[in-house]
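Number of protein chains: 2
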Amino acid sequence: MDGFDIRFVEIAFEEARKSLLAGGLPIGAALVNDGALVSRGHNQRIQNGDPIAHGEMDCLRRAGRQKSYKSMTLYTSLSPCMMCAGTIVQFKIPRIVISDTENFGGNEAFLREHGVAVADAAHQPSITQMQAFIKKNPTLWHEDIME
Amino acid sequence: MDGFDIRFVEIAFEEARKSLLAGGLPIGAALVNDGALVSRGHNQRIQNGDPIAHGEMDCLRRAGRQKSYKSMTLYTSLSPCMMCAGTIVQFKIPRIVISDTENFGGNEAFLREHGVAVADAAHQPSITQMQAFIKKNPTLWHEDIME
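So the protein sequences, as listed, match chains G and E. Position one of the first sequence corresponds to residue 884 (the numbering used here), numbered consecutively onward. Position one of the second sequence corresponds to residue 884 (the numbering used here), numbered consecutively onward.
Some hints could be false.
For identical chains, the list gives no copy identity; a pair is met inside one copy or between any two copies.
[As the list claims (entries may be wrong)] 20 Å max Cα-Cα, derived SDA-like pairs, lysine to any residue: (1) Lys950 - Asp933; (2) Lys950 - Glu991; (3) Lys1019 - Arg890; (4) Lys975 - Glu1026; (5) Lys975 - Glu996; (6) Lys950 - Trp1024; (7) Lys975 - Asp933.
Quick caveat, the hints were computed from the structure, so don't treat them as lab data. Treat the numbers as computed from the prediction; the structure is a model and nothing was measured.
Chain G on its own, in the form it takes in the complex (with noise of 0.2 Å):
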């Protein structure tokens, strides 16, 4: 359950990041079906003036209709906020990855009593990466979580 490809993490933050250069929020997402890359994106709030496009969701957007998550693991960069745990709890994803869980969490209890394996990348770059954005622009952060 613990286990995770790393490459993947690396590809969320690789999102993260083309985000952050795109003068957006560097949170990214990557989909994975059976250790194969189904989809990747990014939050696209200010890109797009999207509020639902966080970077999980914008991941699933670009997957398309699916018939099944049930063998997908979601990489994400930033641990999910509550539309994007119930997204992933509605789409029956399994298993998530979450590179950052120290700026910000609080919905991993929820997705595990929903039945979601959840793994802790503890990714430094991910962290370090989202630490600087809050602490450069938090009045942007604080409108991504809407608080």
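Fit chain E to the given chain G structure using the hints.
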């Protein structure tokens, strides 16, 4: 808490009908701020191949970036799934009006536990339209809710 404006129930229904006529799932929503329409939207799974575009989500996307939802009500033609319920909680939308809790439901308790006021409009045209769609398109319906 249980009072609602029937005009907005009807806008959510019109959106649902618009989606049906375009070959999509007949589920629509309206976002209202202090009695004024902010945005309206409908399910886009079939039309855009977008699995996250439930009626509520499409409506929130179309509203764009909002500083706060604290004086808003979300009207939805069908009771919210876990994705949409999680989003309502994350966005701190204080109140929702649901037209149909017969064809789908179960997240009303989750919403109330998180402080959301939930009103049931029991809007017969919405209920009848959804019921007919599910009967005719069980596969699409089950895909939409991942069952």
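Right, here's what the structure says about each hint:
In this assembly of identical chains, the alpha carbons of Lys950 and Asp933 lie at most 20 Å apart only when taken from different copies (13 Å versus 26 Å within one copy). Neither within a single protomer nor between protomers do Lys950 and Glu991 lie at most 20 Å apart by alpha-carbon distance, with minima of 25 Å and 26 Å respectively. Within a single copy, Lys1019 and Arg890 get their C-alpha atoms no closer than 28 Å, and across copies no closer than 43 Å, so neither meets the 20 Å cut-off. For the homomeric pair Lys975 and Glu1026, the shortest alpha-carbon distance between copies (12 Å) is at most 20 Å, but the shortest distance inside one copy (28 Å) is not.
In the homo-oligomer, the alpha carbons of Lys975 and Glu996 lie at most 20 Å apart inside one protomer (13 Å), although the nearest pairing across protomers, at 22 Å, exceeds that limit. Taking CA atoms no more than 20 Å apart as the test, Lys950 paired with Trp1024 passes between copies only; the shortest distance there is 12 Å, against 34 Å inside one copy. Proximity of Lys975 and Asp933 under a CA criterion of 20 Å is satisfied inter-copy only: 17 Å between copies versus 24 Å inside one chain copy.
The earlier numbered hints that this structure contradicts are 2 and 3.
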